[in-house]
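Enquirer: As a plain string of letters, each chain reads:
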Amino acid sequence: MKNKMKGRAWRFKDNVDTDQVIPAEYLITGDPKELSKHVFEKVRPDFAGSVKVGDMIVGGKNFGCGSSREHAVRALMGAGISCVIAESFARIFYRNSINLCLPPVECTMEVKNGDLLDVDLVEGRIQNLTDGRLYSFRQFPSFAILIMQRGGLMRYVEDSCTE
Amino acid sequence: MRQTIAERIFTKKCGKIVVPGEIVEADVDYVMVNDITGLPAFEEFEKLGKKIKPIANKIVLIPDHYVPNKDVPSAKQAFAMREFARKYSIKNYFEVGRGGICHQIMIESGFVAPGRLIVGADSHTCTYGALGAFATGIGSTEAAGVFAMGKLWFKVPESQKVIIEGNLKEYVCGKDIILNIIGDIGVDGAIYKSMEFYGSTIKNLPLSDRITISNMCIEAGAKTGIIPPDEKVFNYLSGRVRGGYDPILADADATYLENFHYAAKDMVPMVAKPYLPSNVIPASECGVEIDQAYLGSCTNGRIEDLRTAARILKGRKVHQNVRLIVVPASKDVYARAMREGIFEIFLESDAFISGPTCGACLGGYMGVLAPGEKCVSTTNRNFLGRMGDAKSEVYLASPATVAASAIEGRIVDPSEVKHEK
Chain C
15 MKNKMKGRAW
25 RFKDNVDTDQ
35 VIPAEYLITG
45 DPKELSKHVF
55 EKVRPDFAGS
65 VKVGDMIVGG
75 KNFGCGSSRE
85 HAVRALMGAG
95 ISCVIAESFA
105 RIFYRNSINL
115 CLPPVECTME
125 VKNGDLLDVD
135 LVEGRIQNLT
145 DGRLYSFRQF
155 PSFAILIMQR
165 GGLMRYVEDS
175 CTE
Chain S
-1 MRQTIAERIF
9 TKKCGKIVVP
19 GEIVEADVDY
29 VMVNDITGLP
39 AFEEFEKLGK
49 KIKPIANKIV
59 LIPDHYVPNK
69 DVPSAKQAFA
79 MREFARKYSI
89 KNYFEVGRGG
99 ICHQIMIESG
109 FVAPGRLIVG
119 ADSHTCTYGA
129 LGAFATGIGS
139 TEAAGVFAMG
149 KLWFKVPESQ
159 KVIIEGNLKE
169 YVCGKDIILN
179 IIGDIGVDGA
189 IYKSMEFYGS
199 TIKNLPLSDR
209 ITISNMCIEA
219 GAKTGIIPPD
229 EKVFNYLSGR
239 VRGGYDPILA
249 DADATYLENF
259 HYAAKDMVPM
269 VAKPYLPSNV
279 IPASECGVEI
289 DQAYLGSCTN
299 GRIEDLRTAA
309 RILKGRKVHQ
319 NVRLIVVPAS
329 KDVYARAMRE
339 GIFEIFLESD
349 AFISGPTCGA
359 CLGGYMGVLA
369 PGEKCVSTTN
379 RNFLGRMGDA
389 KSEVYLASPA
399 TVAASAIEGR
409 IVDPSEVKHE
419 K
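Residue numbers (this note's numbering), protein chains in the order written: chain C, 15 to 177; chain S, -1 to 419.
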């Protein structure tokens, strides 16, 4: 897990569901690259073609609600998204993000599409480099940090099974 | 001790007193995956290497989303599940023709019982709370983790208490109750929390309606939705449940984060308009003309739901501009509907009957909608593009409302269609 990251913001509204992130008809593979070709296809057809490695998603309330499909997190990671910031997360999406090491940052912030953001996961700080505003967020639970620092849930499982 | 059902189940599973907000690792009784969420779980598990074997007796594999295989990629997914079951001698695998929708099979086949802790790589795993279990949806990777370890990390949730008292009006059922509640508290009204349901209305509800209520708690963001187990549950499980179980109720003075009170007499048949399950109005005020009506899913594909629809459809025809698709939730539901003459009523009304699968619910298989088409559906989600094109629309309603609307060609309150008693 990288502790500091910089990237452009993609602004989304409240209640982005995982059907929006990756429609059901593409749930025929778990491959992040393959899934990323269709990320946000129905709601933001320009997204998959113009997203760049390191970009960030900034959502509102209840980001990632609906289906448990981990494919949503994989599609975002395949597209190069470095972290998802939202006012609140739906719980399965939140768990999937931690387990796969896509940091889910709970923070309410003002941001426009294309703003450049600087995120420090250790300090719990986000700076909007475009308008200069500074935000702080609550640190992840210690168990979540443990999983992300080990490189994801399966590394934790591997260590636990071989201990 | 002043613990809710959720807290008491985690306390028992962890062997120590837990409090809401605490992160614990707990042993689970079963972990279920379907054909869509299974593949990534199998791939993650195989990366662990040959020394680590899955805990086969805790794993349940149920293909239901894209089976019978709709195309070559979905065939490969289903194949991967079959192979995983063979390779590790996993007995709890439900091949096409022996199963149906995963949540219905988990309940019918006796995996679900009061006091159990069950996880499933499908968000509607919360359904099993209707039988007094703590059950919740997880991702594929963590399902793979449970295959290996038999346990998983949980944040002990805070609990909300929903109390509903009194008698329901004719045609008002579990679906209308949960749509009313989601409309009230919103799609994030129970986020991260466990909902518990009490009151005389809940006590008097048939198990199938309780299952509908627990099923849709995820639509309010809840981690699970638990109904205290009673005689109805114990009778249902008699001769069906695998192994023993220990019913767990809340302490009399349990503390809840919030309490919600509803009067059953105030509830009417509801419809959730696009694009959120919280966007509800009374069915009587909807009137939207429809192209498709859908009766099925883990929410409302049980025999009781089919009986309700058949009572309304008997001797009537589906509207000329509408196709009605009926998908029983399991082989057992299918067989009963056939034996009870319900299929005959559906066929005579011009409905299409499918084998038991997730069907059109998630828009990736059959029953997909064209741009501009509208469907009234007994399913659980009406998100943008959920059942097909981004410009199609899904309206969520009860089996009675769907049947009545299929006849009328527009969404109506079921009392507008007089049925034979």
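By construction, these hints were calculated from the structure, which means they are not laboratory data.
This structure is a prediction, so every number in the text was calculated from the model and none was measured.
Be aware that one or more of the hints could be misleading.
For lysine to aspartate or glutamate, the following DMTMM-like pairs were computed, each having C-alpha atoms within a straight-line distance of at most 25 Å [to be verified]:
| no. | chain 1 | residue 1 | chain 2 | residue 2 |
| --- | --- | --- | --- | --- |
| 1 | C | Lys66 | C | Glu48 |
| 2 | S | Lys153 | C | Glu120 |
| 3 | S | Lys48 | C | Glu120 |
Enquirer: What are the numbers of the hints the structure violates, in ascending order?
Expert: Result: hint 3 breaks, nothing else.
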